[in-house]
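Participant: Build out the structure end to end from the sequences listed, making use of the hints.
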Amino acid sequence: MNTFKKGGIHPKDNKIYSAHQPIVECGLPKQAIIPLAQHIGAPAKPIVQKGDKVKVGQLIAEAGGFVSANVHSGVSGVVNKIDATTDAWGLRMPAIFIDVEGDEWVEEIDRSSDVIRECNLEPKEIIDRIAKAGIVGLGGACFPTHVKLCPPPGQKAEVLIVNGVECEPYLTCDHQLMLEHGEEIMIGIQIVMRALGINRAVIGIEKNKPDAIARMQELAQKTLGVEVKALKLKYPQGGEKQLIDACINRQVASGALPISVGAVVDNVATIYAIYEAVQKHKPLFSRVMTVTGKQVAKPGNYLVRFGTPLTQVVELAGGVPEGTGKIIGGGPMMGRAMNNIDMPAHKRTSGLLFLPEEESRRGIEENCIRCGKCVSACPMGLEPYLLSRQSELQMWSEMEDHHVMDCIECGCCQFTCPSHRPLLDYVRQGKATVGGILRARAAAKK
Amino acid sequence: MNLIVISLLVLGITGIVAAVLLYLIAQKFKVEEDPRIDQVQEVLPGANCGGCGQAGCRAFAEACTKASSLDGLLCPVGGAPTMEKVGAILGLAAVAGEPKVAVVRCNGSCDARPRTSEYNGAHSCAIMHSMYVGESGCAFGCLGCGDCVAACAFDALHINPETGLPEVDEEKCTSCGKCVKACPRHIIELRYKGTDGQRMVVKCMNQDKGPVAKKNCANACIGCGLCAKVCPQEAITVTNNVAYIDYAKCVVCRECEPQCPTGALWGMGFPERLTKAAKTAAPTAQATPAAEGGDEKFDPAIAAQIQALKTPKAVFPHCLHNA
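First to last, the sequence lines map onto chains A and B.
Numbering-wise (numbering that gives the first Met the number 0), the first sequence opens with residue 0 and increments by one.
Numbering-wise (numbering that gives the first Met the number 0), the second sequence opens with residue 0 and increments by one.
Be aware that a few hints might be false.
[As the list claims (entries may be wrong)] Taking lysine-lysine pairs in the DSS-like style, the calculated list, with each CA pair at most 25 angstroms apart, reads:
1. LYS213(B) x LYS192(B)
2. LYS29(B) x LYS65(B)
3. LYS29(A) x LYS80(A)
4. LYS213(B) x LYS80(A)
5. LYS80(A) x LYS44(A)
6. LYS5(A) x LYS206(A)
7. LYS49(A) x LYS208(B)
8. LYS214(B) x LYS325(A)
9. LYS44(A) x LYS208(B)
10. LYS54(A) x LYS29(A)
11. LYS29(A) x LYS297(A)
12. LYS80(A) x LYS208(B)
13. LYS231(A) x LYS14(A)
14. LYS80(A) x LYS29(B)
15. LYS325(A) x LYS14(A)
16. LYS231(A) x LYS4(A)
[As the list claims (entries may be wrong)] Per label pair, the in silico range of CB-to-CB distance:
17. LYS44(A) x THR115(B): 39 to 47 angstroms
18. ALA17(B) x ASN248(A): 56 to 64 angstroms
19. ARG335(A) x HIS185(B): 18 to 26 angstroms
20. HIS185(B) x SER259(A): 35 to 43 angstroms
Please keep in mind that the hints were generated in silico from the structure rather than gathered at the bench.
Cβ atoms here follow ideal geometry from the backbone N, Cα and C, with glycine treated the same way.
Facilitator: In structure tokens, the structure reads:
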């Protein structure tokens, strides 16, 4: 069985709480707050005004640049205002407030549950529809998908890698999506293959999801060029470079993009969104998210429209459990603690995890004992103990020489550190600073 | 005997040949340098703080030696006396610069700012700032981890455990500007010291609208503009819901100070403070955890220190007495 070669850790997967819970639709909110920056890159520019009537699926904000994405309304109603709202971390972000009235969809969206298999569109048309639908990578980074599907000149895609790994502990939304919408995902894969002009796709799934592997294998047998790879359990297998290594045994060079080895990686949730956009004309205005935790009354997978306050989803799951010490947006490894769950659901919210007080505390920081555990755990072959120290001492140019920009912020180093050092905190800080220096340098060259 | 003589001779001759070679090479590759650079460097403080904008004292000395006038060149650490010495060496007139001092523009003390969350990460303002809003709801205020304190090479900044805010020791502050760069929220500003060290400052950076700002901090500037209305010199401007006092226009009449409804406006360096803030900023009667714990073997002050040492620093960065 395959996996990536370098580093990695084995945290307890804790998926039992919400695994195999059918996807439940979360109801409509009274007021939807739709943020304008739900993706990497420039925030979208609003094209509606106060008092405008909008329908479900209507474009309400246009992409604000090349690396940006359209934003659609997830509800129907009247635009109340365009103002700042508070995000998960207490900071202000611009958003469109919509007072919900009924549930009226844009006519062209196909709301039936029929699976539409035929797709005879030209690659350009497909990418156009994906761009229009505002689809971004739903695996976590939220990089606009249409940008990813247009390889830079001189480079050609050879294989599509579909990320069904879901290596984050606790999260189960992708797993459930594969079980319930496997067929649609398979059609989505063919659409992306068509858009890229390739005839090979590999779906990577970790072996802790045997039913998903069986289901996708069954479907793949009927589909030309699609292959399912069962992968050994190891975090962070869902990282782009790790998944390419695990699935097709190719290694992406430092600083290079996956396209340099001919690979394009997309998450299953993204593929499903592509299917809906291309075949059903449904833009991205909802997603499946996991609400889970040891003490959560009804952990499960919920389909939420963007703009729904997370508190509403939490209520469906039985409210905030007693003794919760930390609420994490996303998975426990790469997610970030939130200090505001009134914030609306959007493209980035893949999960909500409630950790009990005793599990949420960090260990007391002690000195580095140079055991080298972080070095052997790092999937990118970096030296986290050194990088974190350099960051503390603000040695930015040395950090650059030690390839800090290769860090994928997976947190393996911090997870494995016996001295509980905040390695990732410092490395991330250094990466941000060095990134700024590199951008300034590139701008100065121009 | 013979052996000793031969070794002495061989070593001696090798030494002389090497010395001659070294001398010749040194002459050949000699770098002509203005001797005044060394002289100037001699009178500089040697802190290498970078406050002058140069890479260090040597670089500053070189810049001074090359310059045709000392205008724009100022060693903030040494101040006017040092610049006069530099001017004397170079035969240039020293341009007198007005002394500046670091001012912390946040008055969100522990009792004024309700704590909404507890930070559990690395003990650094920069990291905390990159993570989230901070332990209070104010996205503009001081985070209290003391990046500025760590950056200060002159021991002029200290976190006051009562307020959780850094305080500037104006005697020690050399206005090198290191703290200004270190603060991720750009709260610290270098302001002119003013006549007799007296100046007016708005101690708030909160750009949120009034009600939001007020909810997050009792001492926040709510951008009401009352101060701007009464200012006879029109020195106060309110932009982005926060007032700012232009030092050049301010005549330190203190008309604005009693107008401020929240106590964000401060007169600094005056014998006594008149604002509401004075009351809130005064040491409150809140007990330290050690005193509450009643460890009677020690003097309360020492017990508090022990308690502070026992408390993991990453857990309670903001206020000691909230622990």
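Participant: Could you run down the list of hints and mark each one as holding or not?
Facilitator: Now for the hints, and whether the structure bears them out:
no.	hint	in the structure
1	LYS213(B) x LYS192(B)	violated, 29 angstroms
2	LYS29(B) x LYS65(B)	holds, 20 angstroms
3	LYS29(A) x LYS80(A)	holds, 14 angstroms
4	LYS213(B) x LYS80(A)	holds, 22 angstroms
5	LYS80(A) x LYS44(A)	holds, 14 angstroms
6	LYS5(A) x LYS206(A)	holds, 19 angstroms
7	LYS49(A) x LYS208(B)	holds, 20 angstroms
8	LYS214(B) x LYS325(A)	holds, 23 angstroms
9	LYS44(A) x LYS208(B)	holds, 23 angstroms
10	LYS54(A) x LYS29(A)	holds, 15 angstroms
11	LYS29(A) x LYS297(A)	holds, 23 angstroms
12	LYS80(A) x LYS208(B)	holds, 16 angstroms
13	LYS231(A) x LYS14(A)	holds, 16 angstroms
14	LYS80(A) x LYS29(B)	violated, 72 angstroms
15	LYS325(A) x LYS14(A)	holds, 18 angstroms
16	LYS231(A) x LYS4(A)	holds, 11 angstroms
17	LYS44(A) x THR115(B): 39 to 47 angstroms	violated, 32 angstroms
18	ALA17(B) x ASN248(A): 56 to 64 angstroms	holds, 59 angstroms
19	ARG335(A) x HIS185(B): 18 to 26 angstroms	holds, 23 angstroms
20	HIS185(B) x SER259(A): 35 to 43 angstroms	holds, 39 angstroms
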